[in-house]
Structure formats: C-alpha cells, structure tokens
Amino acid sequence: MSAAPVYLDSPPPEIAVAERVAADRSTRRPALLFFHSAVVWLVVGSVLGLVASLKFQFPDWLTGEAALTFGRIRTVHLNAVAYGWAGMSLVGLAVWMIPRLVRAPLYRPGLAIAAAWGWNLWLVLGLGAILAGWNDGLEWLEIPYQIDAIVVVAGGLMAISVLGTVARRKTKHFYVSVWYVLAAMVWFPIILATAKLPVFGGVEQAAVNWWYGHNALGLFITPLSLAGAYYFIPKVLGRPIQSYSLSLVGFWALAFFYSLNGIHHLIGGPLPAWLITTSITASVMMVIPVAATAVNFHTTMVGRFSALKHSPTLRFVVAGSMIYTAVSLQGSIEALRGFNRVAHFTHYTVGHAHLGVYGFASLILFGCLYFIIPRLVDWEWPSDRMIRVHFWLALAGVAIYVVSLCVGGWLQGEAMLDASRPFMDSVNLTKPYLVARSVGGALMLVANVTFAWHYWLVVHRRGKERLEPAWSAPGALA
Amino acid sequence: MLRCSGAAAIFAAMNSAAVYIIAICGLGGVIACGAFVWAALKGEFTDAAEAAFLVFDEDDPPAGPEQGA
Chain A
20 MSAAPVYLDS PPPEIAVAER VAADRSTRRP ALLFFHSAVV WLVVGSVLGL VASLKFQFPD
80 WLTGEAALTF GRIRTVHLNA VAYGWAGMSL VGLAVWMIPR LVRAPLYRPG LAIAAAWGWN
140 LWLVLGLGAI LAGWNDGLEW LEIPYQIDAI VVVAGGLMAI SVLGTVARRK TKHFYVSVWY
200 VLAAMVWFPI ILATAKLPVF GGVEQAAVNW WYGHNALGLF ITPLSLAGAY YFIPKVLGRP
260 IQSYSLSLVG FWALAFFYSL NGIHHLIGGP LPAWLITTSI TASVMMVIPV AATAVNFHTT
320 MVGRFSALKH SPTLRFVVAG SMIYTAVSLQ GSIEALRGFN RVAHFTHYTV GHAHLGVYGF
380 ASLILFGCLY FIIPRLVDWE WPSDRMIRVH FWLALAGVAI YVVSLCVGGW LQGEAMLDAS
440 RPFMDSVNLT KPYLVARSVG GALMLVANVT FAWHYWLVVH RRGKERLEPA WSAPGALA
Chain D
2 MLRCSGAAAI FAAMNSAAVY IIAICGLGGV IACGAFVWAA LKGEFTDAAE AAFLVFDEDD
62 PPAGPEQGA
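In order, the protein sequences belong to chains A and D. According to my numbering, the first sequence is numbered sequentially starting from 20. According to my numbering, the second sequence is numbered sequentially starting from 2.
Bound-form chain A, shown alone:
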C-alpha cells in the first residue's frame, strides 16, 4: 500500500484558512485593478487588430488621418494586446497567485495598486504617442523611451511588492509557479532596460531589437502563462502535477535556453554567422522545456479529460497548454534555415505570433480569470452559455486566423523566392488568405467582447448569485 504524500508545507487547517483569507484580502484590490484594466485593453486592442486586418481588403478605408493608417493602428494593436491585455492580466495573475502559494499577504498592496495605475498611464501616453507619429521605430519597442521610464518605475514598484511577499513566505518550498513568476519579474526589466539603452545602432540595434522582441514573449508572457497553467490544472483536477521534478526541469531549461532565441528573426541578415547559428541552436534546444511541460500536463490530465466538459477554467487552460506545445515546436522549426528561407518576411510569422499570444497565453489567461474573478467579487459568472460561446469563438477564430496565414504565408514565401514570377504574384495570391484572416480576427473580437461583457456582468454582480462563499470576500471567515 502506498503511503499518502507528506504535506510538510501545510500548517494546521485553521491556520491555513486564516493565512489564505489574509492573502486573498490583500490581493483583492490590486488584482482587480490589473484585471479591469486588462479587459479594457483587450477590447481596445482587438478592435484595432480587426481594423488593421480589414485594411488589407479595404486599403483606402480610414486613410484620411495619419493616426488611422495601417502602420500606426497595427502598432497600437500590438502594444495594446501585448502589454495592456496580456501584460496587465499576467501581472494581476501573479499578484493574486503568489500570496496564496507562499502563504503570506501581499507586501504593501499600495505599491501594486500604484504599479497598475502607472502601467495604465504608460500605455495611454505611449499608445497616444504612437498614434501621433512619435515612436522609437523598433518593433515591440515602439513606445518612446521617455515614456518607458514610467513602466520602469511601475515595474519596480510591482517587483518590490511581489519580491517582498516572497521574502515573507511561510512555506518551505517554492512551487514551480513561483519560480516562473520570480524569473519573469527579474527578466522583464533587464531585457527592457537593455533594449532601450541608447548605445545601439544599425545592425546591432536590429539584433538587440529581436533579442528583446522574442524575449518579451519567452521571458515574460510565457513564464507567467505557464505559472498559471501549473497552478490551475492541478488545482481544478484536485491532483498534483504528474512529475514535479519534470516541471523544474522545464523551468530551468527555459531559463538557460530561451534568451538566445530572438536572433533567428535575422537569419539571412548581415550578422555574424556564429551569432545566428547560436540562436538557431538555442531555438531547437527549446524542445527540451517544451517537451517536459507538454508531457507533464498531458500525463496529469490522462484519465481526467472528462473534467473539461464541466470546468471552463480547465477547458481554457488545457487548450492553451496544448497550443503552447504546438506553437513552441512550430517556433523551433521556423528557426531552421531551410524553413526560415521561405517563411521569413511573410504572413506566416504573423500567424505564428497570434498562435502564441492568443492561442497559448490568452486562452490560459481566460481560464485563470474564470476561476479567480468569482472569488474576488464573490459572485459567480452569470451565464454558462456565454462561457461556451466565448471558448468556441476564440478557438475557431484563432484556428482560422493561424491556418490561413500559415498556408498563405508559405505560398507567399515560395512565390517571392521564384525569380521567374513577378513580385505582385506573391501579393495577389495572399488575398483569400487575408480575407480568412479578417474572418478569424472578427471571431476573436466577438469572443473577446463576449468575455468583456460577461466580465462586466460578474463584476457588477448581475445575474445569479454565487452559492458558495469566495474566501476573498470581506468577512468570509467572520
């Protein structure tokens, strides 16, 4: 007979409950502020994304004002969804999750609240600057560095709050999600500050630009999203992750291999061959952490897939986790010179990016929010149907979007490489795929608006009343 697992990190139940209530109460206001803001940025960013996509079908639409042209609208879309939606909701997730995992109240919640306001101020000013035509001219780094100073301060306040919480932990171990959150909190300011150093120029700047751009996804969005998946899959299933040791292998492998990946965006560029080869090697090495994570999630789910029917949290998080495996392996293949030769400079890359930020990170985030929000506002989601509609629209939207752009992008790349064909062939053949892109984008927009509307309802406590208490509610333990 196998012995039950020893639960050394667990205090007596009454103490555990008191600590949990204190932790949840301390995070309620800052976490909600981050989540409210993130949902607003999600809607703003999604609308702008669809507008940008429709401009491929209607190139003369909204061209009267410079602020409404493709270059600015598309850039604001990227920054709004990457830093506004994904960034703010992931930080909110970290704020909510860390005190629970270390059994300590959030250290100085006021700092986290100030960080949320600062983050919003940074985005409002930064996106306004981009619309006005003032930007730093580097992808993922368009917001002018003068305005970026705000997010450096906000990020610093956030880091003090989270690191201070961890320093006051009452647990013996770090759960793997804590490792991911701590790493992201350290990595993000380093890569942002480095990329913004005013010392780079020319080819070097391009190298640093893509070193940052890829790491913003891999060392900020990815670890925080995986932290959520590692928290909620076991939590909802009621069983621990299949191999905790393997989860640590995944974390440390990501930590050691990911940071060199970005230069594969410049394959064929005027950079030293060793630099690009190193990046390709690191990109392929990413198979190790991805496989470790995928095997762990899958084996944890084995025999329990029926739970997906009942739990929206699990449904979104597991779908996002599966897509993480797919998009990561796709990324490793894209980094290979032979594949990159065709896919580079095409719509293929755009499809890949959306599979990562929407299919992987956003689906996990939606799942996390379906779990967290009722516990923060003490009110259950009013409509099961709206959750189902949201899930299937989001999944169908991203699938149509990614498949169409990957197929169209590949054909585009082959046409561009064929010297016997005029360049315009490579443009014209993408037209039907760009229509499909707009259809997929429209479905994602409807999914996001459905979610935002549902979010508004639950936050304003509309619809059915929650039957069980949410421990974060004031007086829940009284």
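In case anyone wonders, no lab produced these hints; they're calculated from the structure. Any given hint could turn out to be false.
[Claimed, not checked] Interface residues of chain D toward chain A, partial, derived using beta-carbon atoms under 7 Å: (1) A24; (2) I25; (3) G27; (4) L55; (5) V56; (6) D58.
[Said to hold, decoys possible] Taking lysine to aspartate or glutamate pairs in the EDC-like style, the calculated list, with each CA pair at most 16 Å apart, reads: (7) K191(A) <-> E51(D); (8) K483(A) <-> E45(D); (9) K191(A) <-> E45(D); (10) K189(A) <-> E45(D); (11) K74(A) <-> E84(A); (12) K191(A) <-> D48(D); (13) K215(A) <-> E158(A); (14) K483(A) <-> E433(A); (15) K483(A) <-> E353(A); (16) K189(A) <-> D58(D).
Since the model is a prediction, treat every value here as computed from it, not as a measurement. The beta carbon of each residue, even a glycine, is placed where N, CA and C say it ideally should be.
Chain A is fixed; fit chain D onto it per the hints.
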C-alpha cells in the same frame, strides 16, 4: 592598415553593442546560476514531492457547477 592604441581600441570596443549585451547576459547568467545554486543548497530539488502539494488549500471552497472538480 588602421592601427589603434590601447585606449582607442577600448573606446572602439565600448561603442560596440556586443560589450553591453555580453555584460548584461553575463550578469543574467550569474543571477541564474546563483539562483540555481541557492535553490539546490536550500533543498528545493531534494524533496520536491512536498512542493507539488503547495497548490492545494485546506479551505478551498467547493467548486461551483462551472468549475468542475
């Protein structure tokens, strides 16, 4: 053939992004290795099975109909 004095060579090198990137990556590597060694010495990797249960709480409220198990 262009010749640089020692100081000029250092100045030229300082103008290269590689200096900053290598320095920052080196700092990141030191931080990562330090964290790894610190974690190993703290026993984070020796009795990991306990940590897997940190995600559970005694006081988890019963899941609603949408939340499943």
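To see whether the hints hold, each was checked on the structure:
no.	hint	in the structure
1	A24	violated, 9 Å
2	I25	holds, 5 Å
3	G27	violated, 12 Å
4	L55	holds, 4 Å
5	V56	holds, 5 Å
6	D58	holds, 5 Å
7	K191(A) <-> E51(D)	holds, 9 Å
8	K483(A) <-> E45(D)	violated, 44 Å
9	K191(A) <-> E45(D)	holds, 9 Å
10	K189(A) <-> E45(D)	holds, 15 Å
11	K74(A) <-> E84(A)	holds, 14 Å
12	K191(A) <-> D48(D)	holds, 10 Å
13	K215(A) <-> E158(A)	holds, 12 Å
14	K483(A) <-> E433(A)	violated, 55 Å
15	K483(A) <-> E353(A)	violated, 47 Å
16	K189(A) <-> D58(D)	holds, 14 Å
In this structure, the hints that do not hold are numbers 1, 3, 8, 14 and 15, in rising order.
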